[in-house]
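> These protein sequence lines map, in sequence, to chains A and B.
Counted the way the numbering used here counts, the first sequence spans residues 1 to 807.
Counted the way the numbering used here counts, the second sequence spans residues 1 to 130.
If you're looking for bench data, these hints aren't it; they were derived computationally from the structure.
Glycine included, C-beta positions come from ideal geometry on N, C-alpha and C.
Any given hint could turn out to be false.
With a Cα cut of at most 20 Å, we get these calculated DMTMM-like pairs of lysine to aspartate or glutamate [claimed, not checked]:
| hint | chain 1 | residue 1 | chain 2 | residue 2 |
| --- | --- | --- | --- | --- |
| 1 | A | Lys426 | B | Asp25 |
| 2 | B | Lys4 | A | Glu722 |
| 3 | A | Lys711 | B | Asp25 |
| 4 | A | Lys446 | A | Asp419 |
| 5 | B | Lys61 | A | Asp710 |
| 6 | A | Lys130 | A | Glu232 |
| 7 | A | Lys568 | B | Glu60 |
| 8 | A | Lys152 | A | Asp164 |
| 9 | B | Lys61 | A | Glu722 |
| 10 | A | Lys763 | B | Glu60 |
| 11 | A | Lys426 | B | Asp42 |
Which stretches of chain A does chain B cover? Using the computed rule of at least three CB atoms under 8 Å from a CB of chain B, they are [what the hints assert, rightly or not]:
| hint | stretch |
| --- | --- |
| 12 | 222-231 |
| 13 | 375-388 |
| 14 | 394-404 |
From chain A, some residues computed to sit far from chain B (all C-beta separations above 12 Å) [said to hold, decoys possible]:
| hint | residue |
| --- | --- |
| 15 | Lys49 |
| 16 | Trp199 |
| 17 | Asn459 |
| 18 | Ile461 |
| 19 | Ile465 |
| 20 | Gly471 |
| 21 | Leu479 |
| 22 | Arg541 |
| 23 | Glu562 |
| 24 | Ile564 |
| 25 | Ser586 |
| 26 | Lys744 |
| 27 | Glu753 |
| 28 | Lys769 |
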Amino acid sequence: MQEIIFQGEHLLPGNLGHLAIVLAFASSLFSTISFFIASRQKSDPLWSKAAVTSFYIHALSVLTIVASLFYIIHSHYYEYQYAWQHSSSDLPWYYMISCFWEGQEGSFLLWIFWHAVLGLILLFKAKDWKNPVMGVISLCQIALTSMLIGVKILGYKLGSSPFDLVRVVNESGPLFNQPDYLTRIKDGNGLNPLLQNYWMVIHPPTLFFGFACTIVPFAYAIAALIQKRYNEWVKPALPWALIGVMVLGTGIIMGGFWAYESLSFGGYWAWDPVENASLIPWLILIGAVHVMLIHKSTGSSLHFAYLMVILTFVLVLYATFLTRSGILGNSSVHSFTDLGMSGQLLVFLFMFIILSVILMAKEWKKIPSLAAEENIYSRDFWMFIGALVLIISSFQVLLTTSIPVINKIAGSNMAPPTDPVAHYNKWQLPFAIIIALLTGMGQLLKFKKSDPKKFWKDNAIAAGIALALSGILFLGFELNNWLYFILLFASVYTIVVNTQKAWPFINGKLKVAGASVAHIGFGLMLIGVLVSSANKNVISRNETNVAFFDGNDAKTMKENYENIYLEKGKPVKMQNYRVTYLGDSSHWVNNYYKVKYEELDPSGKVVNEFMLHPNGQSNPKMGFIANPDTRHYLSRDIFTYVSSVPSKERRAEEEFINEKYHSIKIGDTIQTNNGTVLLEGIESDLDTTKISATNVNVKVKALLKIITLDKTYQAKPVYAIENNGIVSIEEIVEEAGLRFRFMKINPESGTIEIQTAERTPHKQFIIMKAIVFPYINFLWGGTIVMIIGFLLSIKRRISELRRSNIA
Amino acid sequence: MKTKYIIAIILIAVAIGTIISMYGDSSTYVDFKTAVTNSDRDYHVIGTLNKEKPMEYNPEKNANLFSFYMLDSLGYEMKVLYHNTKPQDFERSEKIVIVGRALSAQEFEATQVLLKCPSKYTEGQKPGEN
């Protein structure tokens, strides 16, 4: 068989990328081995030097992979499967960044990249921990880079390369026997329209940076076990754990904000398995931070700290397995599709589980344990309880999210709960109450031992203030459930206590009060979540349609009817708003629907007016993708999206019927079934330049006005003589369902002949859903306060570390 | 030491509670026959759209009612009522998962309709096809 020479391919960036992947894999392998050898023999610095050099090569290779892949996407080299599959030429540059991590390979790459960055920082910052810590990170890099290799070894495909060529992946396609196949591929498959949002440009890197951060405390813990420096690791690992909590938390909230701003499920959190997968390790990581703090202040709970830090990382790997193995399949809308790597992912997961279990088992007895005094009047006691509650909370989410995994293992046939939100909230609401109370109460106590009398006095004051405030808020927010009241009280309580704690440090030394600030943020977030979801109000309930239902439907019409039919130009009242669909405009691939909102007071007077432009994209692959638009007010958000638009294809089947001819003069009217037509005038444009004996060009337009029940339209059918032939150009008024043809001119009677035809009017309409979220700004505001709190704590722990390094 | 045991017992009790609730709240993938005989609970039914029979959606009359005929894996057919808008590109779905309960032997009311489109995300289409 003759080798085909393909034309127009750009193989250089791909080959460079492939080479860099192999190099990254090999160098991480070498780094791992030499870092571990170096950590055992301290006398010979040679191994350590070799390991460091090798890691530099690794980092450089990773950078090369990233650059090559981005270059391929940016240059629209569709000979590469990844570029073809995930991008298209019409994308603006910032969405090309999103293309980068739309696929599995790219998102692995993102993770590898952050590990490499963290590794480079640790080379300088980890001091005497460098060798073993970097060994663990390099080990993880072996596993991760192997996911990108994409080479068949003994019949098993190891990983999946982002640099595979289209013609190699789709080998059997007849197109790929032709040397010029590339000329037939005009454009890429495009980026998933759901990801065409600026939040999707920054949410994945933030989330992956958070995931990546969890390896650092884990690496310290493992290093401590290997080197038998059992309790020195907590201090240097603490800032990293805090960074992890902050970044991962920010990433999760950003995901929620993305869902809120651009997905049409109507909210920021839906308990989707993919969302849960990132929440599960985050909850444990928060617990880990608190247990590390207990150990730092009291010297106890060291075993527990090890377990929490290890568990966090293992759960990150488990989350990776869940979202990437395809096991979630039916239960999640946005998990990745299976690339046939589930086996490899399981090896990755179990490699680290087994490593941790063996090390923990071996060293368990040698880890110093302090028989802790169980004093319930101590902060550490309640922090410990808090960590346990976080474990249970995380466990509950893990359990239900893992239903597909349980099915696989036990061979059962369970499906996720039919109402997941109710299922999770039933558990997580009480957990949130307990956590909120503990974050307040704990702050009133000292580590080890406090004065019970003082505690009860402080507590009574704080609880009293909180009770009064939450009572007022409860009425102000118009809540009506006692459980909500308890949660509201708990949130206000923690805000009150922590504000009291942070107040003395407000000028200057706020760094010390980082924890309090973070807890205040947490309390505010809880209030935001509570009020915006408890009083979430679907205002687009359709009251006008009720008369149309037949008896059978009547029983089910309770709450399902959440979409409203809006005809262009016809105002519709929904609760205290009057909405009017005014028209569309399109921008790039999106269609924007202009909707006018008028807020009415009880007497029906307009008190407020604004426009919303929800948009939609008719995607050839995924159908109509709605993108909401939200009006933000300080106290509430009005959230609107278009759930359906009339399909255009339907019209082709419907024929015009009832053709009629009318001889009319100016000022005459024609009656049709769809409205009255008035001939207002005749407009002619005689092109004198083109007149010759053989070629007379005349063009005459009839000016018609169509008056329907609720609107008037214009139509201008044309009658023309071109090259001595007669041409009638038809004009269709879609919305009135009328077609006009200008048939002839009768000079003798001074009339013209118009043909009319009718069909069911094609109304322009949208089907829309609108939801009011009250006080959702508490959630976003609280998030920002919490992030500030974390930043302060991180700063404090880092300077503590510096001081102890100097000392 | 006593507090430790109390905490441990509470912890185990709550953990068992979450497991029971997971079993209790979880739904099951069934065929239409099972859903009809147990019409008092919600199920997941997987099936395909019967393209021979009409899909009805008339937004001018009712924007919140869409109905279609679905065949389950055993070929049993039911009319499905869905009180929401018609999912776009519904015709192209390869597999449908509906969540809800049977109203009668012929009618099923779905509270959720999940589509598995062959083209969702990146599968299906081959380069050069357009």
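> Run every hint past the structure and note whether it holds.
Hints versus structure:
For the given pair, Lys426(A) sits about 11 Å from Asp25(B) by alpha-carbon distance, which is consistent with the 20 Å threshold. Pair hint Lys4(B) plus Glu722(A) does not hold up; C-alpha atoms about 99 Å apart against a cutoff of 20 Å. Proximity of Lys711(A) to Asp25(B) is assessed by CA-CA distance (about 53 Å); at most 20 Å being required, the pair is judged violated. For the given pair, Lys446(A) sits about 42 Å from Asp419(A) by alpha-carbon distance, which is inconsistent with the 20 Å threshold.
Distance check on the hinted pair: Lys61(B) and Asp710(A) sit about 18 Å apart at the alpha-carbon level, within 20 Å; holds. In summary, the hint linking Lys130(A) to Glu232(A) is supported, as the alpha carbons are separated by about 14 Å, within the 20 Å threshold. A distance of roughly 12 Å separates the Cα atoms of Lys568(A) and Glu60(B); the hinted pair therefore holds under the 20 Å criterion. For the proposed pair Lys152(A) and Asp164(A), the alpha carbon gap of about 13 Å is at most 20 Å, so the pair holds.
A threshold of 20 Å between alpha carbons decides the hint, and for Lys61(B) with Glu722(A) the separation of about 47 Å lies outside it, so the pair is violated. Taking the CA atoms of Lys763(A) and Glu60(B), the gap is near 9 Å; set against the 20 Å cutoff, the hint holds. For the suggested pair Lys426(A) and Asp42(B), the alpha carbons sit about 19 Å apart, so the restraint of at most 20 Å is met. Check result for the stretch 222-231 of chain A against chain B: violated, 0 residues qualifying (beta carbon to beta carbon below 8 Å, three or more required).
Chain B is given as covering the stretch 375-388 of chain A, and this holds because 3 residues of the stretch bring a CB closer than 8 Å to a CB of that chain, at least three being needed. With a threshold of 8 Å between beta carbons, the proposed coverage of the stretch 394-404 of chain A by chain B holds, since 5 of its residues qualify and at least three are required. Distance to chain B confirms Lys49(A) as a non-interface residue, since its nearest Cβ pair spans about 45 Å, more than 12 Å. With a least CB separation of 19 Å from chain B, Trp199(A) remains clear of the 12 Å interface cut-off, as annotated.
The beta carbon of Asn459(A) is kept farther than 12 Å from every beta carbon of chain B, the shortest such distance being approximately 20 Å. No beta-carbon of chain B is positioned within 12 Å of the beta-carbon of Ile461(A); the least distance is around 27 Å. Distance check on Ile465(A): its Cβ is at least 30 Å (rounded) from any Cβ of chain B, clearing the 12 Å threshold; non-interface status holds. Every CB of chain B is more than 12 Å from the CB of Gly471(A) (nearest about 30 Å), matching its label as outside the interface.
Remark: the non-interface label on Leu479(A) is consistent with the geometry, its nearest Cβ contact in chain B lying 25 Å away (cut-off 12 Å). Against chain B, the non-interface label of Arg541(A) is violated: not every CB pair exceeds 12 Å, the least being about 9 Å. With a least beta-carbon separation of about 7 Å from chain B, Glu562(A) fails to lie farther than 12 Å from that chain, contradicting its non-interface assignment. Distance check on Ile564(A): its Cβ comes as close as 7 Å (rounded) to a Cβ of chain B, failing to clear the 12 Å threshold; non-interface status is violated.
For Ser586(A), the shortest C-beta to C-beta distance to chain B comes to about 17 Å, beyond the 12 Å cut-off, and the non-interface label holds. Annotated as non-interface, Lys744(A) keeps its C-beta farther than 12 Å from every C-beta of chain B; the closest such distance is 38 Å. At the 12 Å boundary, the C-beta of Glu753(A) stays outside the reach of chain B, the nearest C-beta of that chain being 34 Å off. With a least beta-carbon separation of about 8 Å from chain B, Lys769(A) fails to lie farther than 12 Å from that chain, contradicting its non-interface assignment.
Of the hints listed earlier, those the structure fails to meet are numbers 2, 3, 4, 9, 12, 22, 23, 24, 28, in rising order.
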